[in-house]
Structure formats: C-alpha cells, structure tokens
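Participant: Going by my numbering, the residue at position 524 of the sequence shown is 506; the numbering climbs one at a time, nothing skipped.
I should point out that these hints are in silico values taken from the structure, not numbers from a laboratory.
Owing to the predicted nature of the structure, the values given are computational and were not obtained by experimental measurement.
One or more of the hints may lead you astray.
[As the list claims (entries may be wrong)] Capping the alpha-carbon separation at 30 Å, the derived lysine-lysine pairs in DSS-like fashion look like this: (1) K302 / K47; (2) K302 / K499; (3) K533 / K457; (4) K499 / K305; (5) K455 / K302.
[As the list claims (entries may be wrong)] The following label-pair restraints were derived from C-beta to C-beta distances: (6) F360 / A522: 18 to 24 Å; (7) P405 / V120: 43 to 49 Å; (8) L526 / L472: 15 to 21 Å.
Positions of the beta carbon are idealized from the N, C-alpha and C atoms, including for glycine.
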Amino acid sequence: MPLILRPKLLSLKNSFKKTGGGQKVKGLILGFFISGFWLATFFIFCRALNYFRSTELVGDILAAKLLSMILLTFFSILTFSNIISSLTTFFMAEDLSLLSYLPFSLFNLYLARLLETFITASWMLLVFGLPVFLAYGVVYEASWSYYLILIIALVAFALICTVLGTVVSMVLVTLFPVRRIKDILFLLSLILIASLYVLFRLLQPEKLVNPDAFASVTLYIQQIKSPTSPFLPSYWVEEALLPVLVKGPGDSLFFVLLLLSTAQAFIILGYGLASVMYSTAFSKAQEARNIRLTRTSLASLIFYYLTAWFPQPLRAIILKDLKAFFRDTTQWSQIVLLLALILVYLYNIWALPLDKVKFPTFYLENLIAFLNLGLAGFVISAVAARFVFPAVSLEGEGFWLIKTAPISARQFLMGKYLTSLFPLLMLAEILVLASNYLLRATPFMMLLSSITILLMTLGISSLGIGLGVMYPKFKADNPAQIATSFGGVLYMVISSAYITLIVALEARPVYNIFYAKFRNLPLDLLSWIEIGLLLASALAINLLVVYIPFKIGLKKLELLEC
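My request is simple: use the sequences and hints to build the entire structure.
Facilitator: This is the structure in structure tokens:
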C-alpha cells in the first residue's frame, strides 16, 4: 500500500516546493476566507447554543436535537459524497490502467483507494463540522475527554461512510455504466437538495417565534424528544458525545467501541465484496459513454433557431457552447437548483408580513423593492461565478484548437459573452420584475429596477468573462474547481463591490423621490440635479464595467499561449 500511495504523496510534496509568490498569496487569501468562515460558524453556533441553554426545560433537548440533525446530515452527505468520489478513485482514475498491470495485491489497492476516497470525501466534515463541534465544547465547558472522544468517533464515523459509499458504487458499476451512474446520482442529488430547500421554506419556520402559534410549538417540542434510529452511525456518535458534553448519564465508551469495531468490520466486509466484484466492475467502467441529447433532431432544431440570427463564425461558437453545456450533466442539471432558488426567492418576497406594519406600506414596499435590487444582483453574481467565470477555462487542454481556428479573439470572447449573457438576463429580470409585482412597487421603481439590473447583468457578465481569461484553469477537472479558485474568489469580491457601489449611488435619488412623494412635496432644482448626477454616475460606472474587463480580457486572450 505505501508504494501505491507514494506517487500522490510525492506529487503533493512537490506542489508545495514549487509554490511561488503568487501561489502563496492565493493560499493566504484562501486561508483568510476559510478562517473567516470558521469563526463566523463558531460564533453563530455559540450564540444559538447559549440561547438554547438559557431556555428552561427544553434547552438541552434542543441542543441535543440540533446535534442529532447535524450528524444525520453529515452521515447522508458523506455517504453520498463517498459514492461519487469512489467512482473516480476506484474506477475512473487515470493511473488505474497502469496499476492494474503492476504486481500489487487487490487488498493493498483496495486499502490505498479507500484511504484516498476517505481523504477526498471527508474534508467537508473538517471544514463545516469542526467549528460546530468546538462550539458545543466551549458552550458546555467540556473536558479534554470530549475532544478525545470527538476525534476518535468522527474518524470512525467517516470511515463507515467511506466503506458504505465504496460498496454502493461497486454494486452500481457492476449493474450500470459508471459514467451514467455519476450523471444519475448527480441529477438525483440536485433534485433532492432543491426539494428539501423548497420544502423547508414552505414549512415557514419563522412561525415558531409567533406567540399565536404556541400550541404548535408545544407539539413540536414533544416531537423532538423522540430519538433517531439506534442503528445509524450518526446516533452512535451522538450517544458517545452527549454524556461527556452535558455530564449526564450514558455509556460513551460503549458507543466509541461500537463505532471502531463497525468501521473495522465494514473495511473487511468491503474487501470481501471487492475480491468478488471489483474485476468485473472495473472492466465495465471502461465502457464509453453515448451522448444522445444533442444529437436528436429536436435538440438540433432548437439549437438551430436559437442561433440562426447570429453571423458566422459567432454562431458556430455559440452553438458549440450550447451543445457542450447540455452534454455535461453537471452543468445543465444545475438548472434544477436555479428553479428552486427562484421559487424560494419569490416565495420569501410574497411571505413578507407587510400587512402587520402599523404605518403606510407604500414607503416600505418600495424600500424593500430597492433593496431587493441589490440582493438580486448578488444572486446573479453568484450564478455567474459558477457559469460565466469558468466559460473560457472549460475549453480545457483543447484550447489550442481555438487559437489555431480561423476566428479572431474578439469573436471567440464575444461568443462566450453572449452565450452566458442571455440566460443571466432572463433570470435577473424574472427575479426583479416578479418581486416588484409581488411588492406592488410603483411604475418608477419597476422601470429603475429593470434598467439597473439589465446594466448590472451586462457588467457582471463582462467581469466574469474578463477575469476568466486573466485567471484561466484549463486543467481543472470540473467547473466547481474553477469557480472556487483564486480568480473565482477575486471575481466575487470585485462583482460584490461593483453591485454595492451601484446600489449606493442610486440610493439617494430613490430616497429623494419617494420621500417627496410620501410628504407630498415637490422636488426643487438642486434635488433634480443631484438625482441626475448620481444616476448618470451609476450609468457611467456600468458602461465602464462592461467595456474595461472585456477589453483587458481580449488583450490577455491574444497573448495567451496554448
């Protein structure tokens, strides 16, 4: 097993040795953001747990139930994540074709890949779970035994999830083509996440703080006292931690040993299954995937009419990007999440209790409509970080074909820009206009919002394309790696600052107009001049943000080597 892992360890070691000044700066910035996330999560959970503890009778019950829900969520996500990761490490890794011919025993290969899957898929537990569990320890003033049990229990817990995910993936690959499994699992996971997100919002949890609904809260508290299934590893971790956390009755040692013994047994049973099924599964995993969606006559007809009014070769670039997008399940399936986002976003606007406000709602409705403009801008920026910023990098190592093709850099970049711009514009206008309709905003607010979000979307798309050329990652495995790179983080920071600046410039004109209408006072000449100057400044900044990043990206693209 050490020989199998050695190439990856040497590769990791060399990547640290070759780290230059720019990479160190990127690492520091990334470390800063992760530290900020940890601190924010830690303080939020500390505050929530302190609030729970201050609540008589049910405080500790709520804290225990929250821990149970967190662990159950981790168990579900870790198992699913390990299924996806093990499909790659056990069946789709590039070095497997070489390792299968070397004199390594199946047991060593199994353990090495299991360890790699464990590390790859369990980072989420460290990033998201560490501040949560530390918050429990700090709030409950836990002793050193809590932290010792926490480390042992979580490692065993994650190992159980890894073996479960590996076994499930091995069975699935034996039955179905591996690439089709990844697509199906990815699509199902998005549908599940979107459904849970919408369901949680439709339950209206904010009603729990309404005194009129106190009877339902009482029933809710009775429900949360019921334990989760004692056969789940998440329940074992909970029962191992709670006695040392609240210093109450329980048998932590028993559940720690249960976790460790189950992890060991699962590893052995997993190897037994691998010795029977792995050869067959690995052979089936080498089957090629058949792309059907973009080859159908209906899809070809739709793509033809969508791109018919573009001149060549711009049309060829847009058509290529559309086909590439719909051939990649990890790309087009995220439309499910976008639909859920729009639904919940609009539902939140509709559910605002404006009817309970004791003063005229005209001013408040338009104030929320204006603030909603900034929020919609941030939503568009986040979507663009996932789809627009990686657009150039997604050409991958075949980028040299673009450089040698008979098209100019301007045509290529304009094709990328237009392909991403129109879907973003549709999303932006739907969010803003539908929200303003639900808020009963004035025609002036409708017009200002639609024009502003139009200009901001043009700027956000230009920023994404320009910075995407300046910070390309042609060797990235998937778009998520590109979006979370240094360039992606920088794009989010700049686009957030841009949106904030535009909203700030328009705040004063909107305030002056609505304040005058609210007081039934006419605007004087100076107020109109101020409004005109600020709106003109916002327009000028929007146009500059559209032009400058695209121009810089164009120059960078012309100098970019294959």
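Participant: Between F360 and A522, is the Cβ distance one that fits in 18 to 24 Å?
Facilitator: holds (22 Å)
Participant: Has the hinted range 43 to 49 Å been met by the Cβ atoms of P405 and V120?
Facilitator: Distance hint for P405, V120 holds at roughly 45 Å.
Participant: Between L526 and L472, is the Cβ distance one that fits in 15 to 21 Å?
Facilitator: holds (18 Å)
Participant: Is K499 within 30 Å of K305, Cα to Cα?
Facilitator: violated (51 Å)
Participant: Does K47 lie within 30 Å of K302 when you go C-alpha to C-alpha?
Facilitator: Roughly 50 Å between the alpha carbons, so the hint for K302 and K47 is violated.
Participant: Are the Cα positions of K302 and K499 separated by 30 Å at most?
Facilitator: violated (51 Å)
Participant: Is the Cα-Cα distance between K533 and K457 30 Å or less?
Facilitator: holds (25 Å)
Participant: Just to be careful, I want the Cα atoms of K455 and K302 compared with a cutoff of 30 Å; is the pair within it?
Facilitator: Holds - the C-alpha atoms of K302 and K455 are around 20 Å apart, at most 30 Å.
Against the hints set out earlier in the document, violations occur for numbers 1, 2, 4.
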